[in-house]
Amino acid sequence: MTEEPKSSLPPPAPAPPKPAAPAKPAGPVPVPWTSALAEKYQARHGSSLEALTYLGQNYFVVDRSLIPGMLQLLRDEDQFDYCVDITAVHYPKREKQFDVLWVLYSFVRNERIRVKTQIADGESLPSVVRIWPTANWLEREVYDMFGIKFDGHPDLKRILLPDGWKGHPLRKDYSILQQDQEWVQINLGIESGQ
Amino acid sequence: MNAQADPENALTNLDLETSERPHLDSNELIINMGPQHPATHGVLRVILRLDGEKVLGTECVIGYLHRGVEKIGENRTYTMFNPYVDRMDYVAAVSNGLGYCQTVEKLLNVEAPPRANYVRVILTELNRIASHQLWLGTHALDIGAMTPLFYTFRDREEILKIFEKYCGARLTTHAFRIGGCQYETYRGFEKEVKNYLQYLAPHIDEYEELLTTNRIWLERTKKVGVISAADAIALGVTGPVLRASGVKWDIRKAQPYANYSAFDFDIPTGENGDTYDRYLVRMAEMRQSLRIIEQAVNGIPEGPIMAKVPKVIKPPVGEVYHSIEAPKGELGYFIVSDGSTQPYRVRVRPPSFVNLQALDIMVRGLLVADVVAVIGTLDIVLGEVDR
Amino acid sequence: MLDLLRSYLGSTLTPGQANNQLWALIYVLIIFAGVSVAVMTMNWVERKALAHFQVRLGPMRVGPHGLLQPIADAIKLLIKEDIIPSEADKFVFWIAPLIGLLASFTVYTVVPFGPSQAVSDMNIGILFMLGVSSLAVLGVVMAGWASNSHYPLIGALRSSAQMVSYEVAMGLAVVSAILMTSLHGLGLYGVSKFGDGTGTLSMIGIVQAQQEQHVWFLFKFFPLGFMAFGIFAIAMIAETNRAPFDLPEAESELTAGYHTEYSGLRWSLFMLAEYAAMIAVSSIAVTLWLGGWMRPFPNWLSGSAWDLVFSLFAGLTFVALAVIAFVGVVRMPRHSYFRVQTIGLAGFGLLLALIGILLLGIVIGAKVSHHDILNRTTEGMTNVYWFLFKVAVFMYLYIWYRATWPRYRFDQLMRVGWKVMLPVSLGVLIVTAIVGVILG
Chain A
1 MTEEPKSSLP
11 PPAPAPPKPA
21 APAKPAGPVP
31 VPWTSALAEK
41 YQARHGSSLE
51 ALTYLGQNYF
61 VVDRSLIPGM
71 LQLLRDEDQF
81 DYCVDITAVH
91 YPKREKQFDV
101 LWVLYSFVRN
111 ERIRVKTQIA
121 DGESLPSVVR
131 IWPTANWLER
141 EVYDMFGIKF
151 DGHPDLKRIL
161 LPDGWKGHPL
171 RKDYSILQQD
181 QEWVQINLGI
191 ESGQ
Chain B
1 MNAQADPENA
11 LTNLDLETSE
21 RPHLDSNELI
31 INMGPQHPAT
41 HGVLRVILRL
51 DGEKVLGTEC
61 VIGYLHRGVE
71 KIGENRTYTM
81 FNPYVDRMDY
91 VAAVSNGLGY
101 CQTVEKLLNV
111 EAPPRANYVR
121 VILTELNRIA
131 SHQLWLGTHA
141 LDIGAMTPLF
151 YTFRDREEIL
161 KIFEKYCGAR
171 LTTHAFRIGG
181 CQYETYRGFE
191 KEVKNYLQYL
201 APHIDEYEEL
211 LTTNRIWLER
221 TKKVGVISAA
231 DAIALGVTGP
241 VLRASGVKWD
251 IRKAQPYANY
261 SAFDFDIPTG
271 ENGDTYDRYL
281 VRMAEMRQSL
291 RIIEQAVNGI
301 PEGPIMAKVP
311 KVIKPPVGEV
321 YHSIEAPKGE
331 LGYFIVSDGS
341 TQPYRVRVRP
351 PSFVNLQALD
361 IMVRGLLVAD
371 VVAVIGTLDI
381 VLGEVDR
Chain C
1 MLDLLRSYLG
11 STLTPGQANN
21 QLWALIYVLI
31 IFAGVSVAVM
41 TMNWVERKAL
51 AHFQVRLGPM
61 RVGPHGLLQP
71 IADAIKLLIK
81 EDIIPSEADK
91 FVFWIAPLIG
101 LLASFTVYTV
111 VPFGPSQAVS
121 DMNIGILFML
131 GVSSLAVLGV
141 VMAGWASNSH
151 YPLIGALRSS
161 AQMVSYEVAM
171 GLAVVSAILM
181 TSLHGLGLYG
191 VSKFGDGTGT
201 LSMIGIVQAQ
211 QEQHVWFLFK
221 FFPLGFMAFG
231 IFAIAMIAET
241 NRAPFDLPEA
251 ESELTAGYHT
261 EYSGLRWSLF
271 MLAEYAAMIA
281 VSSIAVTLWL
291 GGWMRPFPNW
301 LSGSAWDLVF
311 SLFAGLTFVA
321 LAVIAFVGVV
331 RMPRHSYFRV
341 QTIGLAGFGL
351 LLALIGILLL
361 GIVIGAKVSH
371 HDILNRTTEG
381 MTNVYWFLFK
391 VAVFMYLYIW
401 YRATWPRYRF
411 DQLMRVGWKV
421 MLPVSLGVLI
431 VTAIVGVILG
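Protein chains in written order, with our numbering: chain A, 1 to 194; chain B, 1 to 387; chain C, 1 to 440.
You can take every hint at face value.
What follows is a set of in silico ranges between Cβ atoms, one per label pair, in the way DEER data are often shown:
(1) C:V164 / A:Q72: 53 to 61 Å
(2) A:G69 / B:R364: 30 to 38 Å
(3) C:V168 / B:G52: 21 to 29 Å
(4) A:A36 / B:A262: 24 to 32 Å
Rather than coming from a laboratory, the hints here were simulated on the basis of the structure. All residues carry an ideal CB built from backbone N, CA and C; glycine is no exception.
Take these sequences, add in the hints, and give me the full structure.
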């Protein structure tokens, strides 16, 4: 170890205290969504539905009981004939752990909305395959990744992961390094799994 | 076959139990186009149920290329996740990057500066042309015309050279950053892009000369893989497949992003929704892209190329869905932020995944040789289907 | 020895007619060797031409410009493991490629390279050709069956169905050409009576009929001869399973073709049979419609001066090839790694030049010295050269079609064969007969 050269400067004076950082401006928050569409459904369903807007994007937060009736109405009466996406988010610390949402688009109105509902772990949702056939694979992926079952789906089985896989990867309690060791050992012949 | 009228019958999966074992003397045969097949454009397994040579039903088995991109998104910061999105639709990596960066910018409530938007548009449209060129070459090869493949790849090289000069990579470009573009355009960028526009226009004519009026091509692609507009919308199919069925919808016009409303271009549509129309629509889209690039490259404004975004990106709590018109269809990103530096949930809505669902409808009643043509015309990339 | 040569050159009969077994055997050996060399050349030309169509170079490394590539491929195929499926029918598996080869090579017995240069000028030559070339179907079916796997079987059945369908149209087109040998009217150009109007099935006779009638059957009764030729040209592509009718053996289809289970030498026998069949049917087309061994414009550009010019073509072709080789030598990169290739190419060019000069020498010597042997040699050489030139044009067209067109789906292929080719060829035949009677 070489000796550190001794500095010939006097030790620096203690720095003056920094001024307090200015308070951050409040970020955007969801605000109520006002439009004919929102009012129609609010009038219809009252407290089991909330219509909000965040950063210009409109969405409904609905009770589970409204599915699939409201979705059917959205397609039939309000021309939301294109189901863009069905997905879910897992909030393990919440009582109702899963947020399942449907992103819908109407060509005629050129409007995109989301419908969000919250369900608990183990609850299942009715499938919307009869409303939008595109939901077939989209719901299978939600089931594959989160374990949320959809009643009435014609063929609810895993789509991206192998059929015998155990575990639902996109849940928050599934670690990113985790694998179904048993499946890997049996099917790939790899012992360690890593 | 109207899927909306009878969704169950139209889309039920194969009844595999009753006809498990293939024999030649029974009426039905199950053939497996295995994950490794020269015509499936990646690792896709298609199980065909045939009556002689006619297809009764298909089942796609996907997931061979599943890499858990969405899970990775929850474990990387917003900036670190940017290179991962290129790897999904690796053929059109720039579009993926554009979608992701714009979604995060929406979350942050920042706008990319105009100069960045112009550069983004130029690169994205060049990428669209490159993706369509690759599609054309492989699709023609599947149907038996081996020469267009080499012509399109030769022309695609020039685009990849431009990308390489701009950001250092040809295929998985990572061209954009959250807030704009990291790199300024290199010296000679405008000139090279303009040269390419001059270079490509007669070559698109060359591709069309080989195929568009060729009797054999017409016989192989007309009335093959027809999907009606109603079925397409019900199945969520987007992109050139939807436009070829007659629905004039393009996100660049319907919900413009990145300043697309400043450019003047048409949306080509088809009438019949068959393979030939999809071919024509994509050829026309290439020409429209050339138009957009010409307008963009002639008017790149001066200014900063990157907006002021903090070094550590921490969007406020909330969720946002944003989609762009990728070459394959509507590519959407749904990002949930919990206020930390890592996304809480990144959901990618892949166009190829949803388009591939339509394969079953499109090949009913066709012959085995047509299945290959239809898979080609859907223009799927397994990286995007499986993520 | 010289007497032998002189008697050979002096004869106006084929060895078959003259009952000369020795020369017949020599012919057979020359044809066998020649066709094998032609197949290897065709392999190289196909890969290079296809590559150049596709904006790339093709084989460049194995010899100068890939010239030794066919030899490398042949060696590779010969030393490959001979895999026979365990459940396969061994005898049938073994004999199937041989039958295919048999069918392709036996056709050459009647192919006329000159007025007396054929192994045997059977008076039913064309019938023999049609019959023997149909045996190829048997080879295909046997190959598919013996493989004991349902994909090759399906591929074999499809191939055989395709070949059989197009044979019908091919046969009718051939009948039109034969009909023309006995009709001595001259279509669009008015009626001129040449020839004595006796029809013939012999291949040499057909070319002689064209010679006597002063017209290639391609142009006779225009457009009828042309249409018959067109039908034959399309049907022969389907016969030989080439693009755009190559669905049974395309890689991106599910059924991989009748030769899936064959590897190494056995597969190369199939490939040999395919290319030999291509050359054989092209020879038939050349004989029937393109005037066989006749040089271009025998009547329009007639006279001994023009004869001399056209005789020089053989030597000039080789000299031109030698020049191309030398240009290639000059353009080779000057690096030590390329030394062997450069020398090889130069040597090859030298060889071509020597052959060319030899041929030119024969022609010029014949002109100068009027020596009997040289005259006959010139004549024979010119005939063979022009025949092979026309066949080579057809080979190039085969490659061109493969590069340009997508392939037909199987049901479309069968539809074209039965619903388009057959009625058209039947129509051409009937109209040819009517026109012949009217004009005759």
